[in-house]
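Take the given structure of chain A and dock chain E to it, following the hints.
Number of protein chains: 2
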Amino acid sequence: MTEITKPSILSGVMELLPEEQIIFEHILEIIRKHFERNAFYPLDTTVLEKAEVLLAKGGGETEKQIYRFEKGSNDIAMRFDLTVPLARYVAQNISAIDFPFRRYQIGKVYRGERKQKGRYREFYQCDVDIVGNEKLHYLNDAEIPAVMDAIFQELNLPKYAFYVNHRGVLNGLLNDLAITKKDETLRILDKRDKIGDEKMKGEWQEIGLSEEQIERLLQYARIEGDNDQVLATLEKLSQNTQFQESLEELKNVVKGMEVCGISRERIRINPSITRGLDYYTGTVYETFIQGHENIGSICSGGRYDNLASFYTTQKLPGVGMSIGLTRLYSTLVAEGLLPIPEIPYADIAVLCFPGAEFYALEIARKLREAGMKTLVQIESGKIGKKMQMLDKKKIPLAVIVGDNEINDQTVALKDMKTGEQNTIPLADLIPTVV
Amino acid sequence: MTEITKPSILSGVMELLPEEQIIFEHILEIIRKHFERNAFYPLDTTVLEKAEVLLAKGGGETEKQIYRFEKGSNDIAMRFDLTVPLARYVAQNISAIDFPFRRYQIGKVYRGERKQKGRYREFYQCDVDIVGNEKLHYLNDAEIPAVMDAIFQELNLPKYAFYVNHRGVLNGLLNDLAITKKDETLRILDKRDKIGDEKMKGEWQEIGLSEEQIERLLQYARIEGDNDQVLATLEKLSQNTQFQESLEELKNVVKGMEVCGISRERIRINPSITRGLDYYTGTVYETFIQGHENIGSICSGGRYDNLASFYTTQKLPGVGMSIGLTRLYSTLVAEGLLPIPEIPYADIAVLCFPGAEFYALEIARKLREAGMKTLVQIESGKIGKKMQMLDKKKIPLAVIVGDNEINDQTVALKDMKTGEQNTIPLADLIPTVV
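Chains as they are written, first to last, in our numbering: chain A, 1 to 434; chain E, 1001 to 1434.
No wet-lab data here; the hints were simulated from the structure.
These figures come from a predicted structure and were not determined experimentally.
One should not assume that every hint holds.
[Claimed, not checked] Quick list of simulated restraints, FRET-style, between CB atoms: (1) A:N294 x E:E1052: 34 to 44 Å; (2) A:A370 x E:E1020: 26 to 36 Å; (3) E:K1182 x A:R119: 47 to 57 Å; (4) E:G1202 x A:K33: 51 to 61 Å; (5) E:G1419 x A:N93: 24 to 34 Å; (6) A:P341 x E:A1412: 39 to 49 Å; (7) A:E224 x E:E1020: 45 to 55 Å; (8) A:E29 x E:E1154: 17 to 27 Å; (9) A:E134 x E:G1058: 47 to 57 Å; (10) E:A1370 x A:K394: 51 to 61 Å.
No residue lacks a Cβ here, since even glycine has one placed at the ideal position from N, Cα and C.
Only chain A is shown next, with the shape it has when bound in the complex (with noise of 0.2 Å):
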């Protein structure tokens, strides 16, 4: 007698029942196709890494979450992010890679988080990444969203909108404002959203800004108003050149948005948004679903200006966005946000009673050569009970043979909506269905 280990799976992973699946399945088959339409490249990184040139940035939160072991002489990492990766490869193989390169990769990532709801140890992240060599032209910062966008559009994502920022119109700012403690400064109005103008303008305090400062700062972080509106506002607030250069980048930026198909009412200037203080350099995103910000930005990202500085001398600007797609999944379908769609399993199914299981797989080859997706059914069995597992699966049409079909050459063709069935020669099969 064998041993029996009971069946399960570590804490902080997904993974999917068969019908979650094919709808995880439909919508990475969405994602890939949207990247692919805007002429993305598919990347594939290894999972597994060098340790050192993995951790070649080093310290921080991520190198504690990171799994890391040593096998024979091999010092070996798991990928935790998709960008690390991208800035290897791209120096590695920069001879061979033309340029801009435009890359999409869907793949899974690891961290051994501590054990929180939404976190996860592994999970899928979908990147997408317009890199230059030395230079990049700025309207490529209005497809990144655009792509998320016609990806969330065909998802039928409830409201959701865009929110854009522009990393040069805050350090414009603060260069005119003689604010020295730049850092701080907007990571603290980072969490405007979250903590209220008035503990805002405490923390300001406490780190040593003045009140003149402090009032420009809530001024521009008070901006309100549909995009023109704030940029009409935003225009008058500083003449410092970097802000000025920044707010016409951010200005056309967002027209672009526009012209790439992304409406109006789902793109929002928001002056509070600053992301990734040592990484993004020009425009950033977040993405809100509305009424459900709590849930955190969806897909965000932005443009840097030198990716792969622990990899090369050379200067590699860039600008992606990515979607925390096993996150956003599991939240969507929490909170009830995810359109599901109704895919069949199948687009027919053969059935048959013993003794016709040779005619049963001649015709599920039939089926398949025209295309069809065709399940096969030759298990013997009570045909009720097949015909609600047809149900269950949603499969539309259900062909049923027997000796009486064989000896005739015909099927029994059942549209399993309208539960009419018919019998008709078999060469009429495939021009009947497909």
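Leaving out everything else, chain E in the frame of chain A:
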């Protein structure tokens, strides 16, 4: 100045350049299409598993190869194949699954192999299995190689054949010959292609088989001819019940494979194939490319009586096959056996002169909305160099726009093959190219 870490990857992993990756993705897409057309569920088990669950079976070569590490209180192992996770998944979700459970899984698996040509630490497997609960009709064994055949046909693989045998035929014969050292006897038989008859005979003598036993085994191993001849010869070889019943099954499985669409000349009954001694119990398959048998079986599998005996007392018989895609791809490329399809990077490219960026983005949006894979290139740069890039990427059409085209609301449309270029109204572009 940032310190530079030389970008590199581990040995024994495959990472492709963009042009290669497109071909690999094309192959993955074909595999996925046929798995789905044959109505297999996509399954996506976790890569990280609880070590004590994944290694329930324990012992052997596998355990030495595994990547296993601790993080916090977790003892974690990376999956080393897709079969053990399938067993764990089915046992774990047995009440939520409809049987027969038809699943495919395409995913990376991980083995800490010692460095060796053709061995990978991280590689793709493409598995397809049908798992029954308590029972599974043996004609399912015909469907499995048929879906693999459809894939290889669409990939235009050179002449290959499925080598088929039945473990019951072998066991029946061994019983008939009163051979007790079954595993050793079969292990020697399985090496016939490599070591030849004389050496095989010697090894059988060494383990103590009698001259008569060896004579009968040789007679069995030497059976040749087309499938009908082999079956006819086999029938007369032993009157053992298991032998005869298994032979009948084998005959029907081969017939079923033909019915399912595998051309006769690609099916070979081969009495020497034994495979997975402690696992397979019925039909066994291997797949060889003619004239390149040395690269080994490119797709193997078989029928098993009990998938998940380590996780459940429920009997789960099944049948499956697996493609080791990373090894297959790299071997086929290395041997020049993969007919490389010309896959254009995009259907059309939109290029622009400075000042026409928004116009270019608008055109790209229209083309994408019409379903065309569209590259838009808004970087400034020499048009000749851009054309070279399109040629290299095999993009068949180019739209070029500048101030004149904006003013006239036209586009210059270039056929990259003929070099012909025409200026047409923007409104005519979609009807012309889609």
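Taking the hints in turn, this is what the structure says about them:
1. A:N294 x E:E1052: 34 to 44 Å: At 38 Å between Cβs, range holds.
2. A:A370 x E:E1020: 26 to 36 Å: holds, 33 Å
3. E:K1182 x A:R119: 47 to 57 Å: holds, 51 Å
4. E:G1202 x A:K33: 51 to 61 Å: Roughly 59 Å apart at Cβ, these two residues keep to the hinted range, so it holds.
5. E:G1419 x A:N93: 24 to 34 Å: Once the Cβ atoms are compared, 31 Å apart, the range 24 to 34 Å for N93 of chain A and G1419 of chain E holds.
6. A:P341 x E:A1412: 39 to 49 Å: holds, 41 Å
7. A:E224 x E:E1020: 45 to 55 Å: holds, 50 Å
8. A:E29 x E:E1154: 17 to 27 Å: Given range 17 to 27 Å: holds, Cβ gap about 19 Å.
9. A:E134 x E:G1058: 47 to 57 Å: At roughly 55 Å between Cβ atoms, G1058 of chain E and E134 of chain A fall inside 47 to 57 Å, so the hint holds.
10. E:A1370 x A:K394: 51 to 61 Å: Check failed, 30 Å falls outside 51 to 61 Å.
Going through the hint list in order, the structure does not satisfy hint 10, though it satisfies all others.
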